[in-house]
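S.K.: For reference, the chains in residue letters:
There are 2 protein chains.
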Amino acid sequence: MSEFTPTDRTQVHRLPKRANYDRETVHRILDEAMICHVGFVADGQPYVIPTGFGRAGDTLYIHGSAASRMLGAAAEGIPVCITVTLLDGLVLARSAFHHSMNYRSVVILGKARSVESEKEKIEALRTFTEHIVPGRWDDVRKPTVQELKATWVLAVPLEEASAKIRTGPPIDDEEDYALPIWAGVLPLKTVPGATAKDPRLTHQLEPPAYVSKYRRG
Amino acid sequence: MSEFTPTDRTQVHRLPKRANYDRETVHRILDEAMICHVGFVADGQPYVIPTGFGRAGDTLYIHGSAASRMLGAAAEGIPVCITVTLLDGLVLARSAFHHSMNYRSVVILGKARSVESEKEKIEALRTFTEHIVPGRWDDVRKPTVQELKATWVLAVPLEEASAKIRTGPPIDDEEDYALPIWAGVLPLKTVPGATAKDPRLTHQLEPPAYVSKYRRG
Chain A
608 MSEFTPTDRT QVHRLPKRAN YDRETVHRIL DEAMICHVGF VADGQPYVIP
658 TGFGRAGDTL YIHGSAASRM LGAAAEGIPV CITVTLLDGL VLARSAFHHS
708 MNYRSVVILG KARSVESEKE KIEALRTFTE HIVPGRWDDV RKPTVQELKA
758 TWVLAVPLEE ASAKIRTGPP IDDEEDYALP IWAGVLPLKT VPGATAKDPR
808 LTHQLEPPAY VSKYRRG
Chain B
608 MSEFTPTDRT QVHRLPKRAN YDRETVHRIL DEAMICHVGF VADGQPYVIP
658 TGFGRAGDTL YIHGSAASRM LGAAAEGIPV CITVTLLDGL VLARSAFHHS
708 MNYRSVVILG KARSVESEKE KIEALRTFTE HIVPGRWDDV RKPTVQELKA
758 TWVLAVPLEE ASAKIRTGPP IDDEEDYALP IWAGVLPLKT VPGATAKDPR
808 LTHQLEPPAY VSKYRRG
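Protein sequence lines correspond, in order, to chains A and B.
Numbering follows our numbering, with no gaps: position 27 of the first sequence is 634.
Numbering follows our numbering, with no gaps: position 120 of the second sequence is 727.
Honestly, the hints are just simulated from the structure, not real lab data.
Bear in mind that the values here come from a model prediction, so they are computed numbers and not experimental data.
One or more hints might be untrue.
It does not matter which identical chain is used: a pair holds within one copy or between any two.
Unchecked claim - Here are the simulated DSS-like pairs of lysine-lysine, each with C-alpha atoms no more than 25 Å apart in a straight line:
| id | residue 1 | residue 2 |
| --- | --- | --- |
| 1 | K796 | K820 |
| 2 | K624 | K756 |
| 3 | K624 | K804 |
| 4 | K718 | K756 |
| 5 | K624 | K820 |
| 6 | K756 | K796 |
| 7 | K718 | K624 |
Given these sequences and hints, build the entire structure.
M.R.: In structure tokens:
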């Protein structure tokens, strides 16, 4: 199976048994997550900004507008770190020290390239939309030339990436297992609530199935 | 009401009407979130790492172990950016361009200080535990001196912070409201699933109420 080659920078040093460099695993985590956190440096200060994203093969597209501070400084070739985290559960151990969380995360290092061509911008916008609500793109009014000009998109190649995963019950110190303390996992998931239609909806429209039956993961 | 003073670095430039510098708003977002994303710089490369955290008044404590790469480089006074994001809903507009998300996020800039004193480390661990599962600390086996030595905690003062919030329906271009396209918001929330007790639980224990009735936000 295809794997990312760990580099000095993506090799997981802390708890290396949680590391995973398998390309399919990385893709699956990226595809389930709805937002990413983009890290970049300006004047020696790190910034971390949440933003929407989408994956097209081995390219990650991110909304450049969220990183306007970065784009103001340099439109191309700026080092970024894109991190995606899915929180799967709270891990309650018998000791305070061994409390943990179950999660799946991906860290991508790379240089962000500003997408300039109209064609690639449309592809990126399609990717964003389909990433969040699969099926939506075909239904919506497509971007105009003016909107494409106002859209900032960054592309980052999926080359230097690693995943980190924790699953399963708490791991306590051997002597603590005898303590009369409840221990286990409280799983967490993100679920949709009742749809709230736009008050300005002018037609008698029901939400499409990709909304009313929305599910993730 | 108490407000953070926006600096050149925390002033929200992109969509400033979403900005909020109110201290209570910032605290509420921090207290509801379960993880934060910590950004730091090493060798000119930004890194963004998800980790647990907790707030004690105007101090944010984060698990230093997650940032071992940073601690390896410099134990104290390193610039960080801590970002917390709550995703509240998917905003489906009539045009692809105006698709958005409802969210509440906080960005904190500051210098991370390594917590050295045993007393403050215990306080930080209590804060982590109570932040994630309020009520848990009193029930668990407390940290030993050995565990405290193995615990890396960073403290960041809540001084330079801003929140950004989007709520409500999509905002479409005026002429698009007539289009026969469903539009609205699909709210999202994080909910607990059925508790999974540790297979090695040695006593006939039911999960405590702070687990079985767990809710967030």
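S.K.: Taking the numbered hints from earlier one at a time, note which ones the structure violates and give those numbers from smallest to largest.
M.R.: 5, 6 and 7
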